[in-house]
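Chemist: Spelled out, the chains give:
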Amino acid sequence: MLLHARDLVQRFDGTTVLDGLSLTTGDIQSLVLVGPSGGGKTTLLRILSGLDVPAGGSVSFDGVPLPRDEAALRDYRRTVGTVFQAYNLFPHLSALDNLLLPLVHVHGLTPAAARERVREPLERFHLAAHAHKRPAELSGGQKQRIAILRALVVRPRRLFFDEPTSALDPEMTSEVLEMIRKLKAEGVQFVMVTHEMAFARSIADEIAFVSDGRVLASGAPADILDRCADERLRSFFSRILI
Amino acid sequence: MCYADRMPRWLAHVVVVAVFAALVAAAFARIEYAWNWAGVWEYRQKFVQGWLATVGISFAALVVSMLVGGVAALCLSSRLPLVEAVGRVYVEFIRGTPLLVQLLIGFYVVASAVGLDNRYVVGTLVLSLFSGAYMAEIFRGGLAAIPQAQRDSARAIGLTPWQTLRLVILPQALRLVLPPVAGQLVSLIKDSSLLSVIAISEFTLNAQEVNAFTYSTLESYLPLAAGYLLLTLPLSALARWLESRVRFEA
Ligand SMILES: Nc1ncnc2c1ncn2[C@@H]1O[C@H](COP(=O)(O)OP(=O)(O)OP(=O)(O)O)[C@@H](O)[C@H]1O
Ligand SMILES: [Mg+2]
Numbered sequence: 001m002l003l004h005a006r007d008l009v010q011r012f013d014g015t016t017v018l019d020g021l022s023l024t025t026g027d028i029q030s031l032v033l034v035g036p037s038g039g040g041k042t043t044l045l046r047i048l049s050g051l052d053v054p055a056g057g058s059v060s061f062d063g064v065p066l067p068r069d070e071a072a073l074r075d076y077r078r079t080v081g082t083v084f085q086a087y088n089l090f091p092h093l094s095a096l097d098n099l100l101l102p103l104v105h106v107h108g109l110t111p112a113a114a115r116e117r118v119r120e121p122l123e124r125f126h127l128a129a130h131a132h133k134r135p136a137e138l139s140g141g142q143k144q145r146i147a148i149l150r151a152l153v154v155r156p157r158r159l160f161f162d163e164p165t166s167a168l169d170p171e172m173t174s175e176v177l178e179m180i181r182k183l184k185a186e187g188v189q190f191v192m193v194t195h196e197m198a199f200a201r202s203i204a205d206e207i208a209f210v211s212d213g214r215v216l217a218s219g220a221p222a223d224i225l226d227r228c229a230d231e232r233l234r235s236f237f238s239r240i241l242i
Numbered sequence: 001m002c003y004a005d006r007m008p009r010w011l012a013h014v015v016v017v018a019v020f021a022a023l024v025a026a027a028f029a030r031i032e033y034a035w036n037w038a039g040v041w042e043y044r045q046k047f048v049q050g051w052l053a054t055v056g057i058s059f060a061a062l063v064v065s066m067l068v069g070g071v072a073a074l075c076l077s078s079r080l081p082l083v084e085a086v087g088r089v090y091v092e093f094i095r096g097t098p099l100l101v102q103l104l105i106g107f108y109v110v111a112s113a114v115g116l117d118n119r120y121v122v123g124t125l126v127l128s129l130f131s132g133a134y135m136a137e138i139f140r141g142g143l144a145a146i147p148q149a150q151r152d153s154a155r156a157i158g159l160t161p162w163q164t165l166r167l168v169i170l171p172q173a174l175r176l177v178l179p180p181v182a183g184q185l186v187s188l189i190k191d192s193s194l195l196s197v198i199a200i201s202e203f204t205l206n207a208q209e210v211n212a213f214t215y216s217t218l219e220s221y222l223p224l225a226a227g228y229l230l231l232t233l234p235l236s237a238l239a240r241w242l243e244s245r246v247r248f249e250a
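The listed protein sequences correspond, in order, to chains A and B.
The first sequence begins at 1 in my numbering and counts up by one.
The second sequence begins at 1 in my numbering and counts up by one.
Just so you know, these hints were derived from the structure itself, not from any lab.
Heads up, the beta-carbon is just placed ideally off N, CA and C, and yes, glycines get one too.
It is possible that part of the hints are untrue.
[As the list claims (entries may be wrong)] Across the chosen pairs, the derived CB separations fall in these ranges: (1) B/P147 - A/E171: 22 to 28 Å; (2) A/A112 - B/W241: 31 to 37 Å; (3) A/G56 - B/A145: 47 to 53 Å; (4) A/D169 - B/R166: 34 to 40 Å; (5) B/A237 - A/K133: 28 to 34 Å; (6) B/L82 - A/H195: 28 to 34 Å; (7) A/P170 - B/Q163: 33 to 39 Å.
Construct the complete structure from the given sequences, taking the supplied hints into account.
Modeler: Below you can see the structure in the form of structure tokens.
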């Protein structure tokens, strides 16, 4: 994917959260957004995934601009997948029914075809035994892996992850990160927000450092994480890379 | 662990009811009440007719009040100030005034003014509007209790607003509101007894008439209480059963 974001502005109740953010990537498979809390990562990701419309500026993927009206944005969202920090799944449905819902109601598969579609991925990620459980009966890591599968089985062009592991304990974190690593190996494209720096370094084709509503630096992981040219990057990394 | 911890639930209910009944019986024995069931028995048809009228009115008002409450809840949840205001004024006005006054004004003023003279229809409508205001607040609370994250998830997978309501919000909200709605329906059935003030020949009015004919107050009103319990107890039981079936949180 070639991402091109220009002069993005977003305001909530008068406060400017994205302040003319611009970001251009090469033709990469994975982009990781890092930066201090409140810097605007989630706000940016919600715009990229078609959930929010920026107050100003424009975004394009592979040269195709994101639409601004809700109906066209909905069509766009149907071609991508988004996984939030937590509470992704619908608690009144079993894990399996969570997977089937978008396939049947959004993508028009018959229930039988939808079941056939999810069978193999459930097994590959060792979730088949949990498919009939409600979210309340799943561990945090299982919930997130089902949420990722739900985004994946519709065969999206790319996925968006917003801190998918920050609500999980270390063991569950590694099972979710392992899944994302597998997806990368299979060729899945994604944009991910994370505070897992070691993971970011190994998974990212490019890293963008987002702070105060702007991208302060972006590029290959080694360039961003090791050179630390900017004072704000230096202080950010010295705090989280103990 | 003593037996009281392990006794079956139904048996516990039977025991409590039996003790309560014994106390009531003892109270009656003490005041040496002279029962006269024979007089009241003559009028059993009136009880049956009144009870059936109450069942019919309650059922109709139950359906209409849920519709009214659903629409009013959507008004209350609206982002448009004028729509929200309509819902809010309706709910506060109805909940802040006695049903008695609403029935009298509804029947003698509003219904007369628009030429609606079927008192059963007017009574059922007023009761529905009354109960609908309470339903509206219950439904609004149910909708508001669904976290924003659920709407985000629904949008993220590409559901339309209508699909989001139908597949995500309502199934969860209905589970939440089931207990309070059941409680409101029980209230509605009992509130229907006030329709006697506009001379609707329902269960309570008929019991009052039997009392006037026979001068047997308790013999007229004890069957009345039993008749209402006959409606409300199964409703509560049904609500509890539904609640246990649709529960999804651990
Ligand atoms: N819907 C909203 N309404 C009002 N303010 C918001 C809203 N969403 C975000 N903000 C504000 O915008 C700023 C940036 O938030 P954002 O969630 O994008 O940061 P972030 O980089 O994702 O932070 P974190 O690492 O804590 O998740 C914060 O100051 C936040 O309070
Ligand atoms: Mg965030």
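Chemist: Hints first: check each against the structure and report whether it holds.
Modeler: How the hints compare with the structure:
1. The hint said 22 to 28 Å for the Cβ distance between B/P147 and A/E171, and at roughly 26 Å that hint holds.
2. Range check, A/A112 to B/W241: about 32 Å between beta-carbon atoms, so the 31 to 37 Å window is met.
3. With their beta carbons about 35 Å apart, A/G56 and B/A145 fall outside the hinted range of 47 to 53 Å.
4. Against the hinted window of 34 to 40 Å, the Cβ-Cβ separation of A/D169 and B/R166 comes to about 36 Å, which satisfies the hint.
5. The given range of 28 to 34 Å is respected by B/A237 and A/K133, whose C-beta atoms sit roughly 29 Å from each other.
6. In this structure the supplied range 28 to 34 Å is violated for B/L82 paired with A/H195, their Cβ-Cβ distance being about 45 Å.
7. Checking the proposed 33 to 39 Å range against A/P170 and B/Q163 shows it holds: the Cβ atoms sit about 37 Å from each other.
Figure legend: structure checked against the earlier numbered hints; hints not met, in rising order: 3 and 6.
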